[in-house]
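Undergrad: Given the coordinates of chain A, assemble chain B with the ligand onto it according to the supplied hints.
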Amino acid sequence: MVILAMDTSSPATSVAVLHGDVLLAHEVHVDARSHAEVLAVLVQRALKVAGEPDVSAIAVGVGPGAYTGLRVGVSSAQAYGLAWNIPVIGVCSLDAMARAAAESVGGSFACAIDARRKEMYWAQYDADGQRRAGPHVNRPGEIAAEIRQLPWFGDIAASYLELLHASAADTVAYPDARDIARFALHYLQAGEIIADAPAELSLHGHDDGTTASALLGQHLLSPYPLYVRRPDAAEPTK
Amino acid sequence: MNEPLILGIETSCDETGIGIVRGSTLLADAVASSVEEHARFGGVVPEVASRAHVEAMIPTIQRACSDAGVSLRDVDAIAVTGGPGLVGALLIGTATAKALASALTIPLYAVNHLAGHVVVDELEHGPLPQIAVGMLVSGGHSSLLLIHDDAEDVTSLGATIDDAAGEAFDKIARVLGLPFPGGPWIDKSAMEGNRNAIVFPRGLTSSKDQLEHQYDFSFSGLKTAVARWVTQQQAAGHVVSVPDVAASFQEAVVDVLTKKAIAACLDHGVEHLILGGGVAANSRLRVMAQERCDAAGIQLRVPSPKLCTDNGAMIAALGSKLVRQGVAPSPLNFPTLSVLPMSTVVMHQ
Ligand SMILES: [Zn+2]
Chain A
209 MVILAMDTSS PATSVAVLHG DVLLAHEVHV DARSHAEVLA VLVQRALKVA GEPDVSAIAV
269 GVGPGAYTGL RVGVSSAQAY GLAWNIPVIG VCSLDAMARA AAESVGGSFA CAIDARRKEM
329 YWAQYDADGQ RRAGPHVNRP GEIAAEIRQL PWFGDIAASY LELLHASAAD TVAYPDARDI
389 ARFALHYLQA GEIIADAPAE LSLHGHDDGT TASALLGQHL LSPYPLYVRR PDAAEPTK
Chain B
-18 MNEPLILGIE TSCDETGIGI VRGSTLLADA VASSVEEHAR FGGVVPEVAS RAHVEAMIPT
42 IQRACSDAGV SLRDVDAIAV TGGPGLVGAL LIGTATAKAL ASALTIPLYA VNHLAGHVVV
102 DELEHGPLPQ IAVGMLVSGG HSSLLLIHDD AEDVTSLGAT IDDAAGEAFD KIARVLGLPF
162 PGGPWIDKSA MEGNRNAIVF PRGLTSSKDQ LEHQYDFSFS GLKTAVARWV TQQQAAGHVV
222 SVPDVAASFQ EAVVDVLTKK AIAACLDHGV EHLILGGGVA ANSRLRVMAQ ERCDAAGIQL
282 RVPSPKLCTD NGAMIAALGS KLVRQGVAPS PLNFPTLSVL PMSTVVMHQ
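Order-wise, the sequence lines are chains A and B. Sequential numbering from 209 applies to the first sequence in the numbering used here. Sequential numbering from -18 applies to the second sequence in the numbering used here.
Just chain A, same shape as in the assembly (with noise of 0.2 Å):
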């Protein structure tokens, strides 16, 4: 089984292609801005690379992240899926980075993206790299002392040394592509069915909180951005 991995939730565009546990091609470009610009080059540059294979599956980061850039992200991959009349896979990016961070640590940690603002998104996991807690949006002195005190993952994370425990040994770069691909594969071959897409769809926009405790448990997604934060708008006063 092909898949067809795109992350777009950090500065980075990452996209990889997975045959089994074989990585067929890896393509990142480092540019806040040029997720649109940039994504379908890498894809085509991948494919080719990967040798033109039948994809079977489209997995795509969700984030939480910077909005744009979730978008671009999941809009391409909806598109593909659509094109070529394959499912279309959405993955929690910090499930993905932690998945990959939980082969050296062995025991509770956690995993941040930036949010702006000085705000992060971050999550909390177990040994095994399953979520226990989030995603949520907080400043980093927002958070419990012992959730504090856990090693940290992310770059965000080692912004903030002082307060989260964090070494810059402990951090990874950004959500990777390699890392959404491999974590789609393994509950795709473990059998896990993508989750409800009306059910997931209202928790997009309006989120109240609710969307951590909805998706725990829940590793395969519906490929829409976790916002995480409802829409910053105000109504008029008058």
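Check before you lean on any hint, since a few could be wrong.
So the derived label-pair ranges between C-beta atoms look like this [unchecked claim]:
{"#": "1", "chain 1": "A", "residue 1": "A403", "chain 2": "B", "residue 2": "A178", "range": "53 to 63 Å"}
{"#": "2", "chain 1": "B", "residue 1": "E193", "chain 2": "A", "residue 2": "A422", "range": "28 to 38 Å"}
{"#": "3", "chain 1": "A", "residue 1": "R253", "chain 2": "B", "residue 2": "S47", "range": "30 to 40 Å"}
{"#": "4", "chain 1": "B", "residue 1": "A178", "chain 2": "A", "residue 2": "R324", "range": "46 to 56 Å"}
{"#": "5", "chain 1": "A", "residue 1": "D440", "chain 2": "B", "residue 2": "A178", "range": "37 to 47 Å"}
Far from chain A, by Cβ distances over 10 Å, these chain B residues were calculated [said to hold, decoys possible]:
{"#": "6", "residue": "S5"}
{"#": "7", "residue": "I112"}
{"#": "8", "residue": "L127"}
{"#": "9", "residue": "A140"}
{"#": "10", "residue": "P182"}
{"#": "11", "residue": "L192"}
{"#": "12", "residue": "G202"}
{"#": "13", "residue": "R209"}
{"#": "14", "residue": "Q215"}
{"#": "15", "residue": "A216"}
{"#": "16", "residue": "S264"}
{"#": "17", "residue": "F315"}
Note that these hints are calculated values from the structure, not bench results. Please read all numbers here as calculations on a predicted model, not as lab measurements. For each residue, glycine too, the CB sits at the ideal point set by N, CA and C.
TA: Then chain B with the ligand, alone, in the frame of chain A:
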């Protein structure tokens, strides 16, 4: 051989539009609008529009294909609005278009939204005249263009220097306690009112402004004047007639729009005026434009209201024209720009 089958994608504002045309025959025009979600904010909220585009995109493509009785595999080229518009909203269309074109290995055309508003008229009223003036008025734009029949040669004659015409309708509707979007409500209310009840200012029509802003528009002074008039009447204890204010305001807008459009035609020796944009659905604008065109010997072309507002058919129509003319497609890495000059009808880099 069959004429090319083109799928057009439009996401520059709050409508997710997918149109399918074969040659210049319209096969499908599917639109999902998030306008109701913006109503409580009194205007289009970009983040809300972007979220809605992501959710609406795939179902709208599927609906268009089903309406047209075609499969995505039959499509010969994709056209997409490359700008101008809300950049966050545009990106959902361009990302989708790039992925579709790349997955289906067909050419991709990133086109100018405003040119689409003019070319869409070909679907209903036949080939464009050799040269025409296009007046595009909506919540997002107010411009006068000079467009040649190949649709690749477009010049901007003028545009609004502040609010778009549709925005002025929205703001005055709010002053009068009418819902968003304001255009249809002002139009309806104005039918009961006296359009000569109050004389509101006509922006950029003085002889001094004519020198510098001959074909430009300004609606912000008008908006302030209407709001001030209403406040003064209320302060003096007078009852404000909503229909009279609506009709008088609308008259001021429509008077300036049609006067400048006709002047642009006459000054450039052009015999055809094409209207587009949501405000082109305004009943008073249609009547006055027809009267003044008749008087000046100009042919008026107005697409039906559904094709005047933002839709995918207009993008497909423009894409189809470019394909038939043998214009080179856009590269896969074209940028998405909120401001796209009128001289760029197809993005080539
Ligand atoms: Zn428009």
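Undergrad: Could you work out which earlier hints the structure fails to respect and list their numbers in ascending sequence?
TA: 2, 17
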